[in-house]
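Novice: Heads up: the sequence lines are chains A and B, in that order. If you read the first sequence in my numbering, its first letter stands for residue 1, the second for the next number, and so on. If you read the second sequence in my numbering, its first letter stands for residue 1, the second for the next number, and so on.
Careful: at least some of the hints might be erroneous.
[As the list claims (entries may be wrong)] A few chain B residues that don't get close to chain A, going by computed Cβ distances all over 10 Å: (1) I57; (2) F77; (3) E192; (4) E241; (5) Y288; (6) V338; (7) T340; (8) I365.
[What the hints assert, rightly or not] No more than 30 Å apart at the CA atoms, straight line, and that leaves these computed lysine-lysine pairs for DSSO-like: (9) K166/B to K134/B; (10) K236/B to K431/A; (11) K446/A to K166/B; (12) K53/B to K431/A; (13) K496/A to K365/A.
[Said to hold, decoys possible] If the Cβ cut is set under 8 Å, some of the chain B residues that face chain A in the computed set are: (14) T109; (15) I113; (16) R129; (17) E130; (18) A133; (19) F140; (20) A144; (21) M146; (22) R152; (23) Y157; (24) P158; (25) V161; (26) K166; (27) S167; (28) L179; (29) N181.
Just so you know, these hints were derived from the structure itself, not from any lab. The structure presented is a predicted model; accordingly, all values stated were derived computationally and were not measured. Glycine included, C-beta positions come from ideal geometry on N, C-alpha and C.
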Amino acid sequence: MTDAAIDPVTDKTARAGRVTAASQVEVDHAELDASIARFVGRNAGYYSRAFHRIHDTTRGVPLTFNWAAAVFGPLWAAGRGVWGFFWGFLILEIIAWVQIGRGTWGELGAESLAQAARQEARARQFLEQAEAVRLAGEDPSRFETLSNNLMRAAERSRETAEAAAADATHILLTGLALLLIVKLLQGLWSNVVYEKQYSRWRIDPAAVVSGVKPHNVALGLVLTLAIAPLTVYRFTVEDVSPLLTAFPADPDHYTGAARWLEAQIDAAARGGSGAFDSIVLGVRQILDAISLALIGAPWPVVMTVICVVAWRSAGPRVAIFTAAALAYIALLGYWEIAMETVALVGAAVVICVVLGIPLGIWFGKSQRAYRMAEPVLDLMQTLPAFVYLIPIIAFFGTGNPPGILATIIFGMPPVIRLTALGMRGVSDSIKEAASAFGASPWQILKDVELPLALPSIMTGVNQTILMCLSMVVIISLIGGGGLGQVILEALQFAAKGPGLLGGFAILFVAMMIDRIVQGAFRRRD
Amino acid sequence: MRVRPPARDAGGRKPSASAAEVGAVAMSETVVELSGVWKVFGDRTAETLAAAKSEAISKAEALERFGTVIGVRDASFSVSRGEIFCIMGLSGSGKSTLVRHVNRLIEPTDGTIRVLGQDVGAMGTQALREMRAKHIGMVFQHMALMPHRSVRDNVAYPLEVRGVPKSRRWAVSDHTLGLVNLEGYEDRLPQELSGGMQQRVGIARALASDPEILLMDEPFSALDPLIRLQLQDQFKALVDELRKTTLFITHDLDEAIRIGDRIAIMKDGVIVQIGTPEEIVTRPADAYVREFVQGISKLKLVKAHSIMEPLESYPGVINGAPRVDESADLDRLIDLSVGTDDPVVITEGGRDVGVVTKSVLLRGIQGGRS
Numbered sequence: 001m002t003d004a005a006i007d008p009v010t011d012k013t014a015r016a017g018r019v020t021a022a023s024q025v026e027v028d029h030a031e032l033d034a035s036i037a038r039f040v041g042r043n044a045g046y047y048s049r050a051f052h053r054i055h056d057t058t059r060g061v062p063l064t065f066n067w068a069a070a071v072f073g074p075l076w077a078a079g080r081g082v083w084g085f086f087w088g089f090l091i092l093e094i095i096a097w098v099q100i101g102r103g104t105w106g107e108l109g110a111e112s113l114a115q116a117a118r119q120e121a122r123a124r125q126f127l128e129q130a131e132a133v134r135l136a137g138e139d140p141s142r143f144e145t146l147s148n149n150l151m152r153a154a155e156r157s158r159e160t161a162e163a164a165a166a167d168a169t170h171i172l173l174t175g176l177a178l179l180l181i182v183k184l185l186q187g188l189w190s191n192v193v194y195e196k197q198y199s200r201w202r203i204d205p206a207a208v209v210s211g212v213k214p215h216n217v218a219l220g221l222v223l224t225l226a227i228a229p230l231t232v233y234r235f236t237v238e239d240v241s242p243l244l245t246a247f248p249a250d251p252d253h254y255t256g257a258a259r260w261l262e263a264q265i266d267a268a269a270r271g272g273s274g275a276f277d278s279i280v281l282g283v284r285q286i287l288d289a290i291s292l293a294l295i296g297a298p299w300p301v302v303m304t305v306i307c308v309v310a311w312r313s314a315g316p317r318v319a320i321f322t323a324a325a326l327a328y329i330a331l332l333g334y335w336e337i338a339m340e341t342v343a344l345v346g347a348a349v350v351i352c353v354v355l356g357i358p359l360g361i362w363f364g365k366s367q368r369a370y371r372m373a374e375p376v377l378d379l380m381q382t383l384p385a386f387v388y389l390i391p392i393i394a395f396f397g398t399g400n401p402p403g404i405l406a407t408i409i410f411g412m413p414p415v416i417r418l419t420a421l422g423m424r425g426v427s428d429s430i431k432e433a434a435s436a437f438g439a440s441p442w443q444i445l446k447d448v449e450l451p452l453a454l455p456s457i458m459t460g461v462n463q464t465i466l467m468c469l470s471m472v473v474i475i476s477l478i479g480g481g482g483l484g485q486v487i488l489e490a491l492q493f494a495a496k497g498p499g500l501l502g503g504f505a506i507l508f509v510a511m512m513i514d515r516i517v518q519g520a521f522r523r524r525d
Numbered sequence: 001m002r003v004r005p006p007a008r009d010a011g012g013r014k015p016s017a018s019a020a021e022v023g024a025v026a027m028s029e030t031v032v033e034l035s036g037v038w039k040v041f042g043d044r045t046a047e048t049l050a051a052a053k054s055e056a057i058s059k060a061e062a063l064e065r066f067g068t069v070i071g072v073r074d075a076s077f078s079v080s081r082g083e084i085f086c087i088m089g090l091s092g093s094g095k096s097t098l099v100r101h102v103n104r105l106i107e108p109t110d111g112t113i114r115v116l117g118q119d120v121g122a123m124g125t126q127a128l129r130e131m132r133a134k135h136i137g138m139v140f141q142h143m144a145l146m147p148h149r150s151v152r153d154n155v156a157y158p159l160e161v162r163g164v165p166k167s168r169r170w171a172v173s174d175h176t177l178g179l180v181n182l183e184g185y186e187d188r189l190p191q192e193l194s195g196g197m198q199q200r201v202g203i204a205r206a207l208a209s210d211p212e213i214l215l216m217d218e219p220f221s222a223l224d225p226l227i228r229l230q231l232q233d234q235f236k237a238l239v240d241e242l243r244k245t246t247l248f249i250t251h252d253l254d255e256a257i258r259i260g261d262r263i264a265i266m267k268d269g270v271i272v273q274i275g276t277p278e279e280i281v282t283r284p285a286d287a288y289v290r291e292f293v294q295g296i297s298k299l300k301l302v303k304a305h306s307i308m309e310p311l312e313s314y315p316g317v318i319n320g321a322p323r324v325d326e327s328a329d330l331d332r333l334i335d336l337s338v339g340t341d342d343p344v345v346i347t348e349g350g351r352d353v354g355v356v357t358k359s360v361l362l363r364g365i366q367g368g369r370s
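Please model the complete structure; the sequences and the hints are all you need to start from.
Specialist: Written out as structure tokens, the structure reads:
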């Protein structure tokens with residue numbers, strides 16, 4: 001006990017003498033050398049000297065020259081596993097070699113020479129014609145003039161060709177200079193890059209390549225041989241084999257695949273026609289209900305309701321804007337057609353929300369389900385709308401309901417994603433607290449998860465609405481009605497006036513819906 | 001030390017209380033009882049458990065060999081009605097994991113948990129929910145209040161879960177908020193309140209269904225020191241008055257000593273020592289506990305009987321010396337010693353049983369006996 005009581009004191013005083021102040025620290029080269037040697041493998045002595053020089057540099061670029069890197073260039077980089085260096089300098093070296101190749105064996109004036117030959121042949125033809133005309137006793141001067149002109153043009157082409165050929169030396173010299181600069185850069189820069197790799201290797205020795213690896217040398221060699229000679233050949237030789245310029249595609253593959261796919265889609269459409277028809281019927285009923293409310297009801301009623309909704313949810317300014325936008329639409333005679341657009345968007349959003357929120361809840365709770373669904377969601381969002389319009393026509397025909405289905409494909413992912421995100425963001429401790437007080441899973445969902453995920457879900461609904469709006473013009477391509485159709489017709493006849501008027505009508509509808517919805521969500525927060 | 005009972009038979013016992021347990025309704029009635037509880041996290045729990053039982057492999061070995069983490073290792077204790085039982089340990093020692101077995105927020109890998117005489121492990125989901133809602137209140141380190149509900153609705157949630165009508169819920173909730181001095185805040189949202197007030201809401205919520213048992217998971221750790229002291233005193237007074245059986249988790253030994261009737265010290269999932277605060281401080285079970293106890297002030301903790309020397313060592317009759325009962329603490333002994341040159345005589349039931357000289361007292365304050 002007494003020993004233990006005294007020990008810390010002596011220990012402390014002893015240690016005070018041993019600790020070196022930061023300003024008096026010496027560089028421990030031996031330990032660093034050992035580490036560098038482990039990293040570089042071959043030529044440890046050279047690299048530790050080079051790295052020390054880099055480490056000792058206070059400012060600017062450290063001056064070290066690596067002969068191996070300069071001479072072997074990309075191959076050195078490949079062997080050492082510095083792949084960024086490999087690709088960068090491989091491309092630069094190929095550019096230099098292309099110049100050298102063009103200067104030495106490239107037929108630089110070949111094209112102009114061929115042109116001159118063609119022009120001379122043509123001139124000779126005209127001369128013969130002139131001879132024939134003169135023999136017939138007519139005036140040959142017209143053909144003689146043509147022939148002379150062509151001869152002069154041929155002369156100019158020949159001069160161009162000669163000038164180009166004279167340029168060859170110039171190009172060769174440029175190429176050689178470029179190669180020299182590239183080599184110099186490689187020599188100067190390689191150690192700096194390699195030292196960076198060494199620093200990364202110290203952090204993660206398993207992932208960063210160290211030493212010279214034979215398989216890397218082989219890979220670098222194969223890549224260089226596969227890329228460099230063909231590229232140099234393509235850019236220096238005049239008559240390149242057609243095998244290199246165009247991919248030898250077989251058109252039969254294309255027609256065969258297209259025909260097969262078409263048959264498959266037709267068969268599927270015929271096989272599932274009952275199911276597809278009932279989907280279309282369901283969508284049409286939702287659309288009809290919304291349309292009836294918006295178009296069937298007298299327009300003053302609908303306008304008043306929309307303005308009041310705007311006022312209640314987003315305040316007086318949005319209400320005034322809404323009134324003005326509605327006036328624009330109505331005065332230009334777009335009323336019915338604009339309400340059709342609103343009905344289309346409304347039906348799509350209703351279906352998106354009704355299907356999307358439960359799916360989002362499921363994906364939020366089950367990591368596995370989400371992993372499976374994520375590629376599908378990505379596909380739905382990234383696939384250009386034009387691509388899936390075709391199968392939609394095949395399966396569901398044309399008109400408004402198929403248009404709504406296309407809109408759903410594009411619009412549903414945000415509400416699913418953000419619902420799942422919101423569900424996963426609910427704090428575990430609150431869920432745990434609820435279950436500690438005896439809440440059932442349903443009660444936890446209803447009382448904790450949904451209320452806490454609501455802001456995220458609402459953001460998702462808002463985004464879905466905007467996505468659906470942006471699809472409205474595109475679905476007119478498959479016979480969807482509404483303002484999109486106005487735009488499509490204007491586009492087909494390049495009708496500028498109607499196109500712009502209709503475009504503004506769409507813009508106002510979109511802004512109206514966006515402002516009202518955003519205002520409503522902001523109020524709730 | 002209690003002997004671990006044999007492992008639960010495969011069929012599981014009936015959830016109803018046995019006759020013996022029903023009969024033992026007394027001051028020392030056992031409310032919560034854990035025997036041989038193990039918790040292993042990971043996929044290969046069965047293998048780990050077998051290896052840990054037969055070869056006593058360590059936490060690190062389990063992680064290396066099976067990729068599993070032993071959270072709780074063979075924990076057994078029982079808590080009687082009205083007792084405050086503190087579980088003290090550093091973060092990662094498994095104390096939060098252990099206490100979550102009581103309301104089965106965490107399923108044990110092995111062992112039995114009995115609450116109010118019922119085997120919690122054998123309960124169906126409905127019975128378990130009933131037990132949680134009616135008999136166990138829980139308070140969390142990060143409050144875990146629902147941010148979208150008013151303070152009143154937060155407190156009323158355990159009742160709402162059970163389907164208690166709103167009028168009654170609100171009445172009970174307002175009453176319980178009164179117990180923690182939060183009148184007037186019923187209609188606020190939790191985030192409008194300070195941290196200390198939020199945790200008082202948490203305590204009110206735990207008390208709302210008038211449970212027999214309170215589980216306190218580091219309730220005061222996130223609060224600043226002054227508020228913490230205040231809440232500890234309020235909490236202790238409240239629980240003593242309501243006679244709630246309490247399992248109180250903390251990483252702060254001072255807090256455990258202030259609040260606890262008994263303390264269990266945990267290290268790496270193992271309960272190292274169980275005892276009263278005085279036992280823990282005066283007779284630490286091993287070096288680990290001793291290190292903890294070192295900085296603790298013993299003045300209010302160590303009682304006269306644990307430092308006094310036998311009467312025989314002072315053969316002379318000390319008539320003028322001050323006398324005090326053996327349950328007096330060091331603080332009191334200092335007060336008495338200051339006024340006299342004589343040693344203090346310790347009595348038990350009016351009879352002289354020992355003496356405390358000034359040197360003994362100083363050693364006692366220091367904490368050592370040598």
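Novice: Hint by hint, note whether the structure agrees.
Specialist: Against the structure, the hints:
1. At roughly 28 Å, the least C-beta separation between I57/B and chain A is larger than 10 Å, which holds for a residue marked as non-interface.
2. Every CB of chain A is more than 10 Å from the CB of F77/B (nearest about 20 Å), matching its label as outside the interface.
3. For E192/B, the condition that its CB be more than 10 Å from all CB atoms of chain A holds, with the nearest at approximately 16 Å.
4. With a least CB separation of 23 Å from chain A, E241/B remains clear of the 10 Å interface cut-off, as annotated.
5. A cut-off of 10 Å between C-beta atoms confirms that Y288/B is not in contact with chain A; the least separation is 16 Å.
6. Distance check on V338/B: its Cβ is at least 28 Å (rounded) from any Cβ of chain A, clearing the 10 Å threshold; non-interface status holds.
7. Listed as outside the interface, T340/B is consistent with that label: its C-beta sits roughly 32 Å from the nearest C-beta of chain A, beyond the 10 Å cut-off.
8. The non-interface label for I365/B is consistent with chain A: the shortest C-beta to C-beta separation is roughly 17 Å, beyond 10 Å.
9. For the given pair, K166/B sits about 17 Å from K134/B by alpha-carbon distance, which is consistent with the 30 Å threshold.
10. With a C-alpha separation of about 28 Å, the suggested pairing of K236/B with K431/A holds against the 30 Å cut-off.
11. Between K446/A and K166/B, the direct Cα distance comes to roughly 17 Å. Compliance with the 30 Å bound is thereby established for this hinted pair.
12. Straight-line distance between C-alpha atoms of K53/B and K431/A comes to about 34 Å, which puts the hinted pair past the 30 Å bound.
13. Our distance criterion of 30 Å between C-alpha atoms is broken by K496/A and K365/A, whose separation comes to about 51 Å.
14. Below 8 Å, beta-carbon pairs count as interface contacts, and T109/B has none with chain A, the closest being about 19 Å; its hint is therefore violated.
15. Among the interface hints, the one on I113/B is violated; its C-beta lies about 15 Å from the nearest C-beta in chain A, farther than the 8 Å criterion.
16. For the restraint placing R129/B at the interface with chain A, the shortest Cβ-Cβ distance is roughly 4 Å, inside the 8 Å limit, so the hint holds.
17. The beta carbon of E130/B is positioned within 8 Å of a beta carbon in chain A (closest approach about 7 Å), and the interface hint is therefore held.
18. Checking A133/B against chain A by beta carbon gives a least distance of about 3 Å; that is within 8 Å, so the hint holds.
19. At about 6 Å, the closest approach between the beta carbon of F140/B and any beta carbon in chain A falls short of 8 Å, and the interface hint on this residue holds.
20. A hinted interface residue such as A144/B counts as satisfied when its beta carbon comes closer than 8 Å to some beta carbon of chain A; here the least separation is about 4 Å, so the hint holds.
21. A hinted interface residue such as M146/B counts as satisfied when its beta carbon comes closer than 8 Å to some beta carbon of chain A; here the least separation is about 6 Å, so the hint holds.
22. Using the Cβ-Cβ criterion of 8 Å, the hint placing R152/B at the interface with chain A is not satisfied: the shortest such distance is roughly 15 Å.
23. A hinted interface residue such as Y157/B counts as satisfied when its beta carbon comes closer than 8 Å to some beta carbon of chain A; here the least separation is about 6 Å, so the hint holds.
24. For P158/B, the interface hint holds, since its Cβ comes within 8 Å of a Cβ in chain A; the closest pair sits about 4 Å apart.
25. Annotation: V161/B was flagged as interfacial toward chain A, and the flag holds, the nearest CB pair being 5 Å apart, inside 8 Å.
26. Annotation: K166/B was flagged as interfacial toward chain A, and the flag is violated, the nearest CB pair being 14 Å apart, outside 8 Å.
27. Here the hint on S167/B is broken, as its CB sits about 19 Å from the closest CB of chain A, past 8 Å.
28. The restraint placing L179/B at the interface with chain A is violated, with a minimum CB-CB distance near 18 Å, outside the 8 Å limit.
29. For N181/B, the shortest C-beta to C-beta distance to chain A is roughly 22 Å, which exceeds 8 Å, and the interface hint is violated.
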